[in-house]
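Undergrad: Sequence:
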Amino acid sequence: MRHLTLPPVPPVLVVVAHGSRDPRHAATVHRLVARVRGLAPGLRAEAAFLDFDTETVPSLLERLYAEGVRDVVALPLLLTRAFHAKADLPAVLRESASRLPLLRVRPAGVLGPSPLLVAALERRLGEAGADLTQRGSTGVVLASAGSSDPEAIAVIADIAREWRRTGWCAVRPAFASACGPGRPRTEDAVAALRAEGVRGVVVAPYVLAPGRLPDRIAAGAAGADVLAPVLGAAPEVARLVLRRYRETGAGSRPAAA
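Residue numbering for the sequence shown is 694 to 950, as defined by this note's numbering.
Possibly wrong hints are sitting among the right ones.
The calculated label-pair distances, taken between Cβ atoms and stated as ranges, are [stated by the list, open to error]:
no.: 1; residue 1: Ser830; residue 2: Arg730; range: 36 to 46 angstroms
no.: 2; residue 1: Pro928; residue 2: Gly735; range: 17 to 27 angstroms
no.: 3; residue 1: Pro808; residue 2: Ala915; range: 23 to 33 angstroms
no.: 4; residue 1: Ser752; residue 2: Arg905; range: 18 to 28 angstroms
Please keep in mind that the hints were generated in silico from the structure rather than gathered at the bench.
Remember, it's a predicted structure, so these values are computed and weren't measured experimentally.
For glycine and all other residues, C-beta sits at the position ideal for the given N, C-alpha and C.
Sequences are here, hints too, so could you generate the full structure?
TA: Have a look at this one:
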């Protein structure tokens, strides 16, 4: 009699977002997770939040554990390795591991930097009406949420320099918080490009979901010609989530659960 060998069930993907009091934030994260599921049938993907929202990381891990899940990949839905990636999430995962000793949690890397994110930024600019064929006369303000972490600030500056090489007249970083010397606000970067005589100015928010800081970016973009929407559930972001998941060794071909 032949015995059937079932394919291994892949680790559950837990996408961890920061969280916000703004309901648009959680709705956007859930749309992104749904798009990830659509790209990888058979992969179970769930969303959890570090703050504000009801489905916190500990509560989700406890629920999965009660269902018999013993292998999880925790992926921070963050664009840089700032405080939340370096301290908040590791502390939450350590605390959960101490209470759920049989649960294996593999940490995935943050999303950025990645060429896929730059592709998503350009997608959003095009969707907002920017003429991507006129990049030689157009300046971009790369507007991030901001951070007090120098490493995160340096990453944004590096992305701006690399993106500039694709033909844009200029790409200037800007920040919605933790501003100071060398860290201009969105409105300051827009004004600087105007003062330099740049013909067209567009603002590309380097943020994943709506909330207080993205709203601040939008307010600062009032003097620009085009304001792109947040990255949200862009196809490139969903593909990048899967890439980071697979980089943990979770497998490139998730089997049907």
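Undergrad: The structure should be examined with respect to each hint, and the outcome stated for every one.
TA: Hints versus structure:
no. : hint                                 : result
1   : Ser830 to Arg730: 36 to 46 angstroms : holds (41 angstroms)
2   : Pro928 to Gly735: 17 to 27 angstroms : holds (19 angstroms)
3   : Pro808 to Ala915: 23 to 33 angstroms : holds (30 angstroms)
4   : Ser752 to Arg905: 18 to 28 angstroms : holds (24 angstroms)
Every hint, counting from the list given before, is met by this structure.
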